[in-house]
Amino acid sequence: ETSWILREQQAGGNNFDTIDTSPTYTAPWELVQVEWCLQPGFTYRWVILDAFGDGICCDYRNSDGVTGYYRIEVPGIDEPFTGGEFGRRSQVVWTVPFPSPPSPPP
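Take -5 as the starting number for the sequence shown in my numbering and just add one per residue.
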C-alpha cells in the first residue's frame, strides 16, 4: 500500500522529471534500502505515497515496539530527512551540495 517516487528538477525550471519509482510495498516491516547517484547542485523531490492514508508509522509496531519510518541520507547534509507520520502523501525536497574542495598540502 506504500510506494515512492524520486524526481529531479529540470534545469532552469520548476518542473520535476521522474528518475526512479518503487514498486508498491505491502509486506509489513519490509526493510528497503536504495542508493542513487545524484548530481551536486541539482534539486530532488522524493514523494512517499500511502494508499490507505495512514502513513507508515504509529498504528502498527513490530515485536520490538518500533514503528515504520523513512530515512534519507544525503552526503554533505548533516541531518538525515526522516518521517513516517503522514496521511496519503509526504515529500522531501533537497539540493545536493557540492563537495568541499580538498585541503591544500602543508
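Hints were generated in silico from the structure; no laboratory data involved.
The structure displayed is predicted, hence computed values, not measured ones.
Cβ coordinates follow ideal geometry from the N, Cα and C atoms, glycine included.
You may find that some hints are simply not true.
As the list claims (entries may be wrong) - Pairwise CB distance ranges (calculated):
#1 -1 <-> 21: 28 to 34 Å
#2 21 <-> 69: 28 to 34 Å
#3 65 <-> 18: 18 to 24 Å
#4 47 <-> 70: 29 to 35 Å
#5 48 <-> 97: 45 to 51 Å
#6 73 <-> 30: 17 to 23 Å
#7 26 <-> 58: 17 to 23 Å
#8 93 <-> 39: 20 to 26 Å
#9 52 <-> 9: 29 to 35 Å
#10 34 <-> 61: 15 to 21 Å
#11 23 <-> 73: 22 to 28 Å
#12 18 <-> 96: 39 to 45 Å
#13 6 <-> 77: 28 to 34 Å
Inset, instruction - Using the beta carbons of residue 23 and residue 73, state whether their distance is inside 22 to 28 Å or not. - result: 25 Å, holds
Legend entry - Cβ separation of residue 47 and residue 70, checked against the hinted range 29 to 35 Å: 34 Å, holds
Legend entry - Beta-carbon spacing of residue 93 to residue 39 - inside the hinted bounds 20 to 26 Å or not: 22 Å, holds
Legend entry - residue 52 paired with residue 9, Cβ distance criterion 29 to 35 Å: This hint holds: roughly 33 Å between Cβ atoms.
Inset, instruction - Look at the Cβ atoms of residue 73 and residue 30 and judge whether their distance stays inside 17 to 23 Å. - result: 18 Å, holds
Legend entry - Cβ separation of residue 26 and residue 58, checked against the hinted range 17 to 23 Å: Since residue 26 and residue 58 have Cβ atoms about 18 Å apart, the given range 17 to 23 Å holds.
Legend entry - Supplied distance hint 28 to 34 Å, evaluated on CB atoms of residue 21 and residue 69: Holds: the Cβ-Cβ distance is about 29 Å, inside 28 to 34 Å.
Inset, instruction - Go ahead and decide if the range 18 to 24 Å is satisfied by the Cβ distance of residue 65 to residue 18. - result: 20 Å, holds
Inset, instruction - Return holds or violated for the Cβ distance of residue 48 and residue 97 against the range 45 to 51 Å. - result: 49 Å, holds
Inset, instruction - Using the Cβ atoms, figure out if residue 18 sits within 39 to 45 Å of residue 96. - result: 43 Å, holds
Legend entry - Range agreement (Cβ of residue 61 with Cβ of residue 34, hint 15 to 21 Å): Violated, since residue 34 and residue 61 (Cβ atoms, about 34 Å apart) do not stay within the stated range.
Inset, instruction - Look at the Cβ atoms of residue 6 and residue 77 and judge whether their distance stays inside 28 to 34 Å. - result: Holds, since residue 6 and residue 77 (Cβ atoms, about 30 Å apart) stay within the stated range.
In summary, the numbered hints that this structure violates are 1, 10.
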